[in-house]
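Asker: Given next are the chains, with one letter for each unit.
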Amino acid sequence: MLKDITLGQYFPGKSFIHKLDPRTKILCAIVYIAVIFCIKSFLGYFVLFAFTALIVALSKIPVRFVLKGLKPIMMFVAITALFNLLLTDGRILWKWGFLKITYEGLTQAVYMVLRLFFLVFGTSILTLTTSPIALTDGIERLLSPLKKIGVPAHEFAMMMTIALRFVPTLLEETDKIIKAQTARGADFESGNIINRAKAMVPILIPLFISAFRRADDLATAMECRCYRGGENRTRLRELKLGYRDGVCWFVVLIFSALILLANYFQVSGLL
Amino acid sequence: MIKLTDVSYTYMSGGPFESAAVENVSVTLNSGEFIGLMGHTGSGKSTLIQMIAGLIKPTSGSIEIDGQVLHSKNCDKRAMRFKTGLVMQYPEYQLFEETVFKDISFGPTNMGLPKDEIKRRVESAANLVGLDEDILQKSPFELSGGQKRRVAIAGVLAMEPKLLILDEPTAGLDPAGRDEILFKIRDMHKRLGITVILVSHSMEDLANLTQKIMVMNHGRLVMYDKTSEIFKKTHELKDLGLAVPQITEICDKLREKGFPVPAGIYTLDTAKAEIEKVLKNEKR
Ligand SMILES: Nc1ncnc2c1ncn2[C@@H]1O[C@H](COP(=O)(O)OP(=O)(O)O)[C@@H](O)[C@H]1O
Ligand SMILES: [Mg+2]
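Chains as they are written, first to last, in the working numbering: chain Z, 47 to 317; chain U, 5 to 288.
The set of hints was computed from the structure by calculation and includes no laboratory data.
One or more of the hints may lead you astray.
Said to hold, decoys possible - Below, in silico cross-link-like pairs of lysine-lysine (PhoX-like), each with a Cα-Cα straight-line distance of 25 Å or less: (1) U:61 / Z:117; (2) Z:225 / U:77; (3) Z:114 / U:61; (4) Z:244 / U:123; (5) Z:244 / U:119; (6) U:106 / Z:225; (7) U:7 / Z:225.
Given only the sequences and the hints, what does the whole structure look like? Please build it.
Answerer: Next comes the structure, spelled out in C-alpha cells:
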C-alpha cells in the first residue's frame, strides 16, 4: 500500500540521463512542462511523445515504473476528462437528454488527458533519475543567485534535503506502527467514518512523537558537528557541467522548436 | 500446531530494491512448546514471525495455525488475531494513550472484553512485567526506556494470547530486568500451557528457556531441533556467525583437551554435574 508511491522515488542507474547535471535536468523539466502547455496540435503531441520515448529508453528505467506514476492521478484525470467532455459547448456530435458531447469538448478532453499524462511523465523521469540529494543540490545552486536579495537558498535546500531524507523513514515507521497496533487488535477497516478516523489516533500519535524525537536528535547531531548554515560551506561533490549537458540542451531545444513549429503545420482534417 | 509450507517473502517485489527476506521455509511447530529463533541480523527472523502473526501475507506458501489457513477465505481473521500476540522489535513506539493503564488495555478493549475483566488483565500483565501499581496512572511518555518496553510488552500479554511471539523483547534492557521478564514469561508458558516463540541473540537466554530452537541464515531455516541437539553443533553455529552458550563452550574446550565431557551441555547445572563426575573419576 505505502510502497506503491513512485512519484518522487529514485531509481538508481548509470545511464546518460542519470549522469546529467541535476541543474540541467531541472531546467529541462521546466522547459518540457512549458512546452506541454504550448502545444496546440496533435502533431505536436506526437513529437513530444517521440521525445519522451527517447528519454525513457535512454534512462534504462523499465517503462512499467514510469507508467506507475500515473496510477495515483488516474481518478483525477478521469474526472477532468469527463467534465471537459460533457460541459464544453460547440458542434454537437451526440446528445442524450441533458447530456451532450461536442466536437470541441472531445478535443479539449483528449488534450487535457495528454497534458496531464505528459506532465507526470516529465516530472517522474526527473525524480526517477535524480537522487533526492542531487536534486536539492541542483535547486540550491539554481537559487543561489537569489541569495543576494536575501532568499535563504541554502536553508531552503537543506530543509528539502532533510524532508526528502525522512520520507522513507517515516513511511517505514508508519508501516511498523500499523503492524504493531494491528497485532493489538486495532481495526482500521470496519465501521463508519468517525470510527475509522478514531482508529487513526493510535497510529498518528506515535508517528508524531517519533517525528519530533527524530527532528530533535538530528538537530543535536548537526550542532555537535558544528553545522552553522550555508556561509562558506564547501561540498564533497561539486556540481560540474559536462559535454552531456551540452548534448542534452541541444536535443531539448531542437525538439522544443520542432514541437512549437508543429503548431503552425496543423494537418487539417486530423481534428 | 503451526504448520508452515514453503513460505517465502519478498519485500518490494518487482521493484529496483527487491529483496527476498524469507525463502522456502517449511516447518511444523507443536503447540505448548517454548521455541527459540536465532540467526544473524537480517536473516529474516522478524519477517518470518510477522507472517506467523498474520500481519504480512507470504509472497508464496501457506501458514496453517490450529487447522486454519491464514489469509484463506474461511479464516476468521479477528479470532486468529486475538489468538496470537506479537511483541514487535523495539515495541516502545506503539505507546499512544494518556495513561499506562489505558495503553495496556488497548488490546483487551479491542477484544470487546467486559470492564472488570480488562481491569484484571491489565493489573496482572503489569505485575507480570514488574510495573508498579502507581505507574499505571502515569503517562507512558514520561517513563524511562526500560519502563516503556515493559508497558509495551504488558500491552500484548494482557490479551492473554495462546501463541505468544516475542521479537528480541529484552534487547537494550538491564540484566536484572531482562531476567525478570523472561522468567515471568516462562512461568506463564508453564502455567497456561501457551506456545511461545522467542527471538533472541542471547544464547544464555535461549539455553535457559527454550525446548526447541530454529536457526535462520540468509532467509532460510537451516536448523530446527531440540535445544540440546542444536548446541551440540558448535562449529556449524559458528560458521553461521552465531555462538553457543558460554558454558557449552567451556565444556567443548574441556572435551578437546581430552576430558570425557559429553557434547550439547547448555545449562550450568548439568555442566556442574558432568564436570564433578569427571573430577571424581580422575581422582580414582
Ligand atoms: N520493511 C522492509 N522493507 C524492505 N526490506 C526489508 C524490510 N524489513 C526487512 N527487510 C529486509 O529483509 C531482510 C530480513 O529482515 P528481518 O526479517 O528484519 O531480519 P532479522 O529480524 O532477522 O534481523 C533484511 O535483508 C532486511 O533488509
Ligand atoms: Mg529483527
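Asker: Next, verify each hint and record whether it holds.
Answerer: Hints and how they fare:
| no. | hint | verdict |
| --- | --- | --- |
| 1 | U:61 / Z:117 | 23 Å, holds |
| 2 | Z:225 / U:77 | 21 Å, holds |
| 3 | Z:114 / U:61 | 23 Å, holds |
| 4 | Z:244 / U:123 | 22 Å, holds |
| 5 | Z:244 / U:119 | 20 Å, holds |
| 6 | U:106 / Z:225 | 19 Å, holds |
| 7 | U:7 / Z:225 | 22 Å, holds |
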